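**Q** If you're matching them up, the sequences are chains S and D in order. Just so you know, the first sequence maps onto residues 1 to 458 in the numbering used here. Just so you know, the second sequence maps onto residues 1 to 265 in the numbering used here.
The hints are simulated quantities; they were obtained by calculation from the structure and are not laboratory data. Certain hints may be false.
[To be verified] Result set (DMTMM-like, lysine to aspartate or glutamate): computed pairs, CA atoms no more than 20 angstroms apart in a straight line: (1) S:K394 with S:D417; (2) D:K34 with D:D85; (3) D:K43 with D:D82; (4) D:K106 with S:D342; (5) S:K73 with S:E124; (6) D:K112 with S:D417; (7) S:K452 with D:D92; (8) D:K112 with D:D85; (9) D:K112 with S:E95; (10) D:K208 with D:D82; (11) D:K152 with D:E136; (12) D:K106 with D:E257; (13) S:K357 with D:E201; (14) S:K394 with S:E353; (15) S:K84 with S:E124.
[Claimed, not checked] Computed spacing ranges between beta-carbons, pair by pair: (16) D:D193 with S:H35: 54 to 64 angstroms; (17) S:R451 with D:T157: 13 to 23 angstroms; (18) S:V14 with D:G161: 54 to 64 angstroms; (19) S:R451 with D:D193: 23 to 33 angstroms; (20) D:E150 with S:R33: 24 to 34 angstroms; (21) D:D193 with S:I175: 54 to 64 angstroms; (22) D:T30 with S:F176: 25 to 35 angstroms; (23) D:K152 with S:I175: 49 to 59 angstroms; (24) S:L447 with D:E150: 30 to 40 angstroms; (25) S:G380 with D:T157: 34 to 44 angstroms; (26) S:G298 with D:G28: 31 to 41 angstroms.
[Said to hold, decoys possible] Not close to chain D: a few residues of chain S, all C-beta gaps over 10 angstroms, as computed: (27) A140; (28) A174; (29) S251; (30) F297; (31) L303; (32) S339; (33) L340; (34) L345; (35) A346; (36) V347; (37) V358; (38) F420.
Keep in mind that this is a model prediction, so the values were computed, not measured. No residue lacks a Cβ here, since even glycine has one placed at the ideal position from N, Cα and C.
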Amino acid sequence: MTLLAFVILLAAVVIGYVMNLRAARAIRDGGTRMHSLEGFHGGYAALMTLVPTFFLIIVWLLFQDTVITAIVKAGLPAGVLGGKGTGEVQLIMSEIRSIAGGRIFGTPEDWKLEAAEHLVALRELSGWLLVAVTAALASAMMYISRRTVAAEFRARQGVERILHGLMVSCAVVAIFVTIGIVASLLFETIRFFQMVPFWDFVLGTNWEPQIPIREDQVAAEGAFGMLPVFLGTLVIAFIAMFIATPIGLLSAVYLHEFASRRVRGVVKPVLEVLAGVPTVVYGFFAILVIAPAIRSFGDNFGLPIAPNTALAAGSVMGIMLIPFISSFADDALGAVPRSLRDGSLAVGATQAETISKVLFPAAIPGIVGGILLAVSRAIGETMIVVMAAGLIAKMTINPLDSVTTVTVQIVTLLIGDTAFDSPKTLAAFALGMVLFLMTLCINILALRIVRKYREIYD
Amino acid sequence: MFDVQKPETAVDQTAIKIAARNVQVFYGNTQAIKDVDVDIQDKTVTSFIGPSGCGKSTFLRCLNRMNDTIDSCRVEGEILLDGQDIYAPRVDPVQLRARVGMVFQKPNPFPKSIYDNVAYGPRIHGMARTKDEIDEVVEKSLRRAALWDEVKDRLDTPGTGLSGGQQQRLCIARAVATRPEVLLMDEPCSALDPIATAQVEELIDELKQRFSVVIVTHSMQQAARVSQKTAFFHLGNLVEYGDTNTIFTNPQDHRTESYITGRIG
């Protein structure tokens, strides 16, 4: 049915286009000077038909299930849902849905079968209604736009207005999705803080999210102090930036200023390959190459080093971020006007002096912006740390110890069978919120730095 | 042409600062400059005129080896500064550029304070070490560029915040701060309004007391106003070179005549 609706829409769009085009041509051939070219009249009809009808179909499809379910629920015999919680009601409804889909398990009660039949009938009805409404709206829009064709009608501007509206709605969609994500995060976080005191979470130094699920189970009481996890994230991000920043920046300077075209032609693509390596592969590299190397290096000095270390995870993450920083720095250096470079060389500065005293300061906003975005990525990076950093939350800044990060804990909290109303699961959302706030602050800072210096330097 | 004041006797007596012999410049396979011979005198303003693309800027940039920064550019022939070939292997282009300063078409102050812009050259060449010495160089250079009175109270504000004409004079101050012997100016007034242009021209006239100034210009009036010697370039050739007065009143070559009367270019 949905397919049929789309076919009708498509046909209406084409017919509307052709009709308006023909009508406009007829006017032009009659010797009248048209305000807009015929194509615009056709395009106006096509867009006028396409946009509202398409939105109608989408909205219909989005809400059809909710509405049908509500109707079926209302039509259930009185008393069968009496005294049942929301979870059970949902279970019953999904059972009805699967019966309607032909998957019958066991022998369901009669009223369930009836409800399923009801559901099927409603779906059928909804499908036909959709087709009818689509056809009606599309032909109405076609008629309206056909009526507009006239020598003085500004179809050009009309098309532009519709396209403008489309762009606005795309931007709005992006914004609303963001708001939706933040809101869902926020609500779960609030639920978490109803179970665990806010300050215990923010200032607690003990992270042991294992809590007993059954009464008789032996498990820790459950402690949700985020500081050790948070500290682990910072340690790893710091190590990563400590490696990525100098290497990334200096390689960008080399590539941009000193490398011959041939060297640049080879090195740049290689760096870009580095950026394209999946993070899982970096994770392998960290546990199979870097971590054993650090261990045997430590053994030489009689240092016992954990198999999972912050250093291994952080340094591999640093390697991952090198191309990120170097491409940002490369762009920033490339954006510095040539005249500045010439001005510096013309007073007798060497190339290195020109770079360090003129190009670098002028490129700083772009470079700092890139570094801060890299920090956001280091904080949010998950796969490498899951594989290489460890799971035990320790309050330590020793890079040779095993630490855990916010992202790792979110993964472990949500893996496996979890109840969505226990603090253990909800803690993941609280951690996610912390992570979100951190990266948000860093991104805002990056944007502000970029903007502030751009004003001065342009 | 009587409004052009030129101490012609003084010109005749001054020494040759830069001598170019048989200079050829290539960009890849295209030849941009052919067989240019020219003697540029000390303490004189020499202007290069000619239609766009005739090679005058290219030749100017050969004089302080700024063309070195362009990979495909190749220079042949001899350019002697005080009798020394500046393309000789033992000449350091960095040191050369401190002796032969350059001002560009578009004002290009660094995104630094006015003070740091002027102090840039002296600092990297170690000409001034203490704060007092640098202060002195900065003041002297800004005075020479006729900018001191306008900026002395805001030396720590960004040089990019000045007006176009002030920025260009700041660039001149930056160039003279390294105490060069020759100052090359590549259309220094083409981005300026008439008032700023007049200020810069006045400045050029004063600068020739100390330096040899070479200026590329599209404005023949400007060449007539500021220079004592004029060279006319056309299609990569140096067509005519002589006293500004002669070039503008009695050109020897028909191409020069056509250009200054506005028939070609």
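**Q** None of the hints should be skipped; say for each whether it holds.
**A** Results for each hint:
no. : hint                                   : verdict
1   : S:K394 with S:D417                     : 25 angstroms, violated
2   : D:K34 with D:D85                       : 19 angstroms, holds
3   : D:K43 with D:D82                       : 13 angstroms, holds
4   : D:K106 with S:D342                     : 11 angstroms, holds
5   : S:K73 with S:E124                      : 17 angstroms, holds
6   : D:K112 with S:D417                     : 60 angstroms, violated
7   : S:K452 with D:D92                      : 39 angstroms, violated
8   : D:K112 with D:D85                      : 35 angstroms, violated
9   : D:K112 with S:E95                      : 72 angstroms, violated
10  : D:K208 with D:D82                      : 17 angstroms, holds
11  : D:K152 with D:E136                     : 12 angstroms, holds
12  : D:K106 with D:E257                     : 29 angstroms, violated
13  : S:K357 with D:E201                     : 31 angstroms, violated
14  : S:K394 with S:E353                     : 45 angstroms, violated
15  : S:K84 with S:E124                      : 29 angstroms, violated
16  : D:D193 with S:H35: 54 to 64 angstroms  : 43 angstroms, violated
17  : S:R451 with D:T157: 13 to 23 angstroms : 20 angstroms, holds
18  : S:V14 with D:G161: 54 to 64 angstroms  : 59 angstroms, holds
19  : S:R451 with D:D193: 23 to 33 angstroms : 30 angstroms, holds
20  : D:E150 with S:R33: 24 to 34 angstroms  : 59 angstroms, violated
21  : D:D193 with S:I175: 54 to 64 angstroms : 45 angstroms, violated
22  : D:T30 with S:F176: 25 to 35 angstroms  : 57 angstroms, violated
23  : D:K152 with S:I175: 49 to 59 angstroms : 51 angstroms, holds
24  : S:L447 with D:E150: 30 to 40 angstroms : 35 angstroms, holds
25  : S:G380 with D:T157: 34 to 44 angstroms : 40 angstroms, holds
26  : S:G298 with D:G28: 31 to 41 angstroms  : 57 angstroms, violated
27  : A140                                   : 59 angstroms, holds
28  : A174                                   : 34 angstroms, holds
29  : S251                                   : 21 angstroms, holds
30  : F297                                   : 42 angstroms, holds
31  : L303                                   : 46 angstroms, holds
32  : S339                                   : 4 angstroms, violated
33  : L340                                   : 6 angstroms, violated
34  : L345                                   : 6 angstroms, violated
35  : A346                                   : 4 angstroms, violated
36  : V347                                   : 4 angstroms, violated
37  : V358                                   : 5 angstroms, violated
38  : F420                                   : 54 angstroms, holds
Against the hints set out earlier in the document, violations occur for numbers 1, 6, 7, 8, 9, 12, 13, 14, 15, 16, 20, 21, 22, 26, 32, 33, 34, 35, 36 and 37.
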